[in-house]
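Residue numbers (this note's numbering), protein chains in the order written: chain F, 4 to 338; chain U, 317 to 651.
Check before you lean on any hint, since a few could be wrong.
[Unchecked claim] Distance ranges between label pairs, derived from CB positions: (1) His65(F) with Gly622(U): 31 to 37 Å; (2) Gln459(U) with Pro291(F): 21 to 27 Å; (3) Lys536(U) with Gly88(F): 28 to 34 Å; (4) Pro291(F) with Lys512(U): 49 to 55 Å; (5) Pro291(F) with Asn621(U): 52 to 58 Å.
In case anyone wonders, no lab produced these hints; they're calculated from the structure. Here a beta-carbon is modelled for each residue, glycine too, at the ideal position from N, C-alpha and C.
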Amino acid sequence: MRKRLHMVAILTALAIVFGAFALRMDAGTRTAAQQAAAVESSCDYGCLTAMVDQYLKALVAHDPAQIPVADHVKFTENTIPLKLGQALWGTMSGMGTYKFYFADPHDGQAGLEATIRENDTPAILLLRLKVVHHKITEVETLVHRNADEAKALEKLGQPNPVWLQPLQPSERTSREDMVKAANLYFEGILHSSGDMVPFDPRCNRILDGYQDTNNPTAKGWFDMGSFRPDAMGIRENMNTGVWTYIKSIEPRRFVIVDEKMGIVLGILMFNHPGNVKWADVPGVGRVPMPPVTLRPSSVEAGEFFKIEVGKIRQIEGVTIALPYGAREGWEEPGK
Amino acid sequence: MIARLAAIGMFAVALATTSICAGAAQSARGAQAAPGSCDRNCLISFVDQYLAALLAHDAARLPLASNVRYTENTISLPLGKGLWATASGFGNFKQYFADAVSGQVGFIGVVKENDIPAILALRLKIVARRITEIEAIVPRETQGAGRLEASGGPLPLWDEVLPPAERRSRQELASITNSYFEAIVHNNGSLAPFDKNCRRAENGFYSVLNPDPELAWDPKSSFRPYQLGCEKQLNTGIWSYIRNIRERRFPIIDEERGLVVAFIVFDHPGTVPYFEAPGFGRVNNPPEFLRPNSMSILEAFKIKNGLILQVAAEGGFLPYGIGSGWAKPSERTLP
Chain F
4 MRKRLHMVAI LTALAIVFGA FALRMDAGTR TAAQQAAAVE SSCDYGCLTA MVDQYLKALV
64 AHDPAQIPVA DHVKFTENTI PLKLGQALWG TMSGMGTYKF YFADPHDGQA GLEATIREND
124 TPAILLLRLK VVHHKITEVE TLVHRNADEA KALEKLGQPN PVWLQPLQPS ERTSREDMVK
184 AANLYFEGIL HSSGDMVPFD PRCNRILDGY QDTNNPTAKG WFDMGSFRPD AMGIRENMNT
244 GVWTYIKSIE PRRFVIVDEK MGIVLGILMF NHPGNVKWAD VPGVGRVPMP PVTLRPSSVE
304 AGEFFKIEVG KIRQIEGVTI ALPYGAREGW EEPGK
Chain U
317 MIARLAAIGM FAVALATTSI CAGAAQSARG AQAAPGSCDR NCLISFVDQY LAALLAHDAA
377 RLPLASNVRY TENTISLPLG KGLWATASGF GNFKQYFADA VSGQVGFIGV VKENDIPAIL
437 ALRLKIVARR ITEIEAIVPR ETQGAGRLEA SGGPLPLWDE VLPPAERRSR QELASITNSY
497 FEAIVHNNGS LAPFDKNCRR AENGFYSVLN PDPELAWDPK SSFRPYQLGC EKQLNTGIWS
557 YIRNIRERRF PIIDEERGLV VAFIVFDHPG TVPYFEAPGF GRVNNPPEFL RPNSMSILEA
617 FKIKNGLILQ VAAEGGFLPY GIGSGWAKPS ERTLP
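Here chain F stands alone, though its shape is the one from the complex (with noise of 0.2 Å):
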């Protein structure tokens, strides 16, 4: 349930939103710079995912010097910057059944959605590794510890397919497109407008295990009587107005742009002042926000878009609950 914390809704100013818009489009656009590092760096996918396992295998053993990094590498998990070695380096005891990868060549960085074992009990975790000159310069990680949403993910058995099957190349999208459809559905939350989405009629989405669209038998937050969003699909569903208490999707980063999958990351912050107290959902009339809603609170959610022919196909997420106003731990310095 807390993972819809993550989603949706109003607008607090429209030159606010368009003004940063524009900012985020510079993730999609490749610099002069960042065109000659990568060139560089020549970790072509292969080579990146391979660095991402050894990653993985380096964690189990609770030991980073089985990793190259660069001096100045910088690590986070749960947007706090702490040293290899700290935190999930010293609980994680192996993996789960559940991981899907991916991989940005163009900017030299990979990643993975996997399930884990913390001491044992099952975690959710979201990597995100840069890599120059084929040294680790950057560790993102969230991880999601409750155990039986970890299950969940793996109760799917699999991932969704599209997250392993390439892209034909006439399905493939332009890396600025892939990341401006991944941006408007920020947008569609933020106006309660799933009809502002290009969505692939088949798109669902599953956060933390839990699939909150198309989804019958689930038992949602917002039901009321007939009134069962989780049970519509992401339009519909995004159209309810059910995530109006999402005031703000600040600041939000389109990390990995991985043209051969389709697959955009987008790592962001929700943020809930706790001071939206119902939706008025058309045709439906007053719907009362769960209490959860009702307290400040940040949640920052690393979401992976399937983009297929410019339209969202699918969508797979990893949160985090944090206090109110959290930071990323990625902002640029003066920020």
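With chain F held as given, fit chain U onto it using these hints.
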């Protein structure tokens, strides 16, 4: 293991030295507040004024210094955000701690956010009759808030003015409080001076001298640590999962009443799967202590005749390694 403990011990000693120096500096200024400063009643009235403004969602009612700083659960926020947007009432439990020498005042109470109860642990610093610092710890735990309410109010012993012979100097009070944290990190109850009736409430839950036979640590063990007194319980090793207590501050000290309010951050790296309790053998730590997290805590102490008589701790789980919001990141050393 021994080397590691020794390293932690050295760190703790270094911290203790710093902290006690801070206490000594205050003590050197004398136990009397400067003329014209804010006395106990004045300080308490600041808390009441603060609570009224909070309820009105109107910080402009307060006499604020131009550089006032506010944190909520360690995060710096503008006044008006966080609890300032959601406070809808207060419970009956109200406990005050005033220090006219440092110009600081503490408060433990129950706040309602959109009618949902939470604990509010607060510190205000007053300089020249203006609020310069506001530190709020808000454990959003309805059960804990319910326990405080059900208690009927703080025990009368907290507010009892001690006969001069039973008082201790500011420096001694800070030192005794610090020794309590040393006793925790060294699993050695003899490091701190305890009254035989010492009790501790954690978010309203009595974790010491609690006769409830159902309260177990490890369901597979007959070990019942909550029934023990403060010193004996510390000797069992149940707190061995707390590997570090950092950012120790003792901002509020009341010599007349024998009160200290400390702010600290507990680090739980999640790397201690069990401990050997004397007389019981191996006791497993529950899964929630086998994953990394930290806790930001307000911990209040009643010290009579140089002995710790009562402890009240209010706090909640946060990402591992998080700062208190009141120390420089460079001061942070983690296990």
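Status of each hint after checking the structure:
no., hint, in the structure
1, His65(F) with Gly622(U): 31 to 37 Å, "43 Å, violated"
2, Gln459(U) with Pro291(F): 21 to 27 Å, "22 Å, holds"
3, Lys536(U) with Gly88(F): 28 to 34 Å, "32 Å, holds"
4, Pro291(F) with Lys512(U): 49 to 55 Å, "51 Å, holds"
5, Pro291(F) with Asn621(U): 52 to 58 Å, "53 Å, holds"
Hint check: a violation occurs at hint 1 only; the rest are consistent with the structure.
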